[in-house]
Structure formats: C-alpha cells, structure tokens
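K.L.:
The sequence shown begins at 26 in the working numbering and counts up one residue at a time.
Honestly, the hints are just simulated from the structure, not real lab data. All values reported here derive from a predicted model rather than from experimental measurement. Backbone N, C-alpha and C define an ideal beta-carbon position, used for all residues, glycine too. Mixed in with the good hints, there may be bad ones.
[Said to hold, decoys possible] Derived DEER-like restraints, expressed as beta-carbon distance ranges:
{"id": "1", "residue 1": "Tyr-119", "residue 2": "Ala-98", "range": "22 to 30 Å"}
{"id": "2", "residue 1": "Asp-102", "residue 2": "Lys-153", "range": "20 to 28 Å"}
{"id": "3", "residue 1": "Asp-132", "residue 2": "Lys-234", "range": "34 to 42 Å"}
{"id": "4", "residue 1": "Gly-318", "residue 2": "Gly-170", "range": "52 to 60 Å"}
{"id": "5", "residue 1": "Asn-299", "residue 2": "Asn-141", "range": "22 to 30 Å"}
{"id": "6", "residue 1": "Asn-159", "residue 2": "Trp-259", "range": "25 to 33 Å"}
[Unchecked claim] Keeping only pairs whose Cα atoms sit at most 25 Å apart, straight-line, the calculated PhoX-like set for lysine-lysine is:
{"id": "7", "residue 1": "Lys-149", "residue 2": "Lys-249"}
{"id": "8", "residue 1": "Lys-100", "residue 2": "Lys-122"}
{"id": "9", "residue 1": "Lys-117", "residue 2": "Lys-157"}
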Amino acid sequence: MTSTLRLDEIGLTGGNGVVWHFRDEFVHYNKVPIHLSNRNDHVIHCPSMSAGGYIHIQDWLNHGGDLFNRRYANKEDKISPKTASKLSLKWKFYAGKDISATPAIYDDTIYFPCWNGNIYAVKKDDGKLVWKQNLNELTGLKATGFVMNVNTTVSRSTPTIAGNGLLIVGVFGPAIVLGLNRKNGKLVWLTYLDHHPAALITMSGTYYKGLVYKCCIFRGSMVKLNAFSGKIIWQTYMLPDNNGELGGYAGAAIWGSSPSIDAQRNNVYIATGNLYSAPARILECQERQDQMGPAARRV
C-alpha cells in the first residue's frame, strides 16, 4: 500500500537528529528504505526519486524513467533470467497503428503516443482505455510534412509526468510542446519551441520542481519551461544562427532520450548529434584531420 505524507509536518531522523526536511513537497513510500545523510539534508539514495522531490515506487516518469535517465527498474523483483521464460500475456490494447515510444507510468495508468496521431491513457492492470486524444483535433495544427510519410500530427516520444496533474507531450513537427490534464487528456497549454518548418521534437522531457527540460531538432536547442503555464524561461542553442544562408552551421540536434538532472550540482545534461552542415573551412579542417589518422594527430 502506498501512503502520502507532508514533510512539512514531520521530520525524518538519523543518528544526529533531524536530517531531512521538505517545506512543501510530498513523499510517497511503501515500506522501502530511504538512506539519508546525518551530516546534511541530502538524500544519499532512495529506490526511486522523481522530479520535484516526489518519491514513488516504480513509476516511469519519462523516457529514462526518472530524474537521472537511468532506464532502470531498480525495484523489479518478479522478472529475472529464471522467470523470463514463464512470462505470459496479461492483456493487450489495440491502438490502431504502430507504437514506438516507451510508455510513461504513473499510479495505475499508462500513457503513450501512437503513430495514428493519438495519445492514449490506459489502466496498467487490465489495459482498459481511460481516455484518448487526437493531436490534430486537440491543437488544430497539421503536420509540417517535413518527415516523409508522416502526414498527420503525431508524437513519437515518451510523455513526461509532471506536477499539478499534468502530462507533457512533445509533437513531431510542428515543434510544439503540450501540457495535458492527466485525468482526461484535455489541453491545458501549448507552446511553440521552434518555428522553423523543419523543426521537430523527438526528445522526451524531464520534470523537476515545476519545470520541464526538453527540446528540439532542426537547429539543436534546449529549453526550460514552466511546467504549469508552458512559458519558456530560457532556450540555449547548440550552434550559431546561420540566418537562413547556405554554407553555415546547421544541426547539432537534441533528439534522443531525456535530459538527466543532477539536483545537487544544479546541472542538466543532454547530448547532441546530426551536424547537417558547417562552414567550408571547418569541413576542410576536419577532412585534413581524418586523412592524417589518429597516430599523426597524437604527435
């Protein structure tokens, strides 16, 4: 059974007294150890720490599963090399087209996008539909047509579980992000992250303390948004603007997985890829390095 406590009403104690205290966050627990420092107020380790100070066992909050992008169900104790051969189908849900994103899981509901343009919420115990929303109907926006054979407004990334009952969804062109009500899928807010006609969102977001970190290709950028309003707080580009001219920098896309957050260092980590073009002098320099080979470069 899962219980909820307000930590502004209690203190958790260690060897030297109260070692952990939250003013306005919640903790969910179900009789699992939470290891705390007796020297400061830092959590040393807990089985599943999610964004904003929530602790909830085995929720899967984004593509990476948690704040750290581990993709590791660390409390799973039923599936092992010994039991894998005994797995059998419990239920199935027909969405109508391909599903390529890892589902998000929170409490008793699974959330996922489908290539037919729908977002689904289904019960994790029996697969019964809770709600579905069509992205074209929800937003009134059509697909940009930049991606071959994608002619409808779709999402291809894992939704992000956020506070205030929100589900954050990125759209695979146009590059918009949506805040949906988790209970019914209704639109709460919509924000454009990039107006470039080739811009797409293929990355799942990470939620932390009322904020969402997420973004984009064509010109790679990382965006920090207010999770409750969708307002952009900052946007950092990976390459200088080429002002639409050929022969400049293009790409450094941020497209995969979900950002990792180190709360103690106040850092967010992302990776880039897909440099589409660069100035001629840069390409020539790179070509010379490639021809020299690694041994020559070491000299």
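K.L.:
Next step is simple, just say for each hint if it's right about the structure.
P.N.:
Going down the list of hints, with the structure as the test:
no. : hint                          : result
1   : Tyr-119 - Ala-98: 22 to 30 Å  : 25 Å, holds
2   : Asp-102 - Lys-153: 20 to 28 Å : 26 Å, holds
3   : Asp-132 - Lys-234: 34 to 42 Å : 20 Å, violated
4   : Gly-318 - Gly-170: 52 to 60 Å : 43 Å, violated
5   : Asn-299 - Asn-141: 22 to 30 Å : 27 Å, holds
6   : Asn-159 - Trp-259: 25 to 33 Å : 32 Å, holds
7   : Lys-149 - Lys-249             : 30 Å, violated
8   : Lys-100 - Lys-122             : 31 Å, violated
9   : Lys-117 - Lys-157             : 16 Å, holds
Checked against the numbered hints above, the structure breaks hints 3, 4, 7 and 8 and satisfies the rest.
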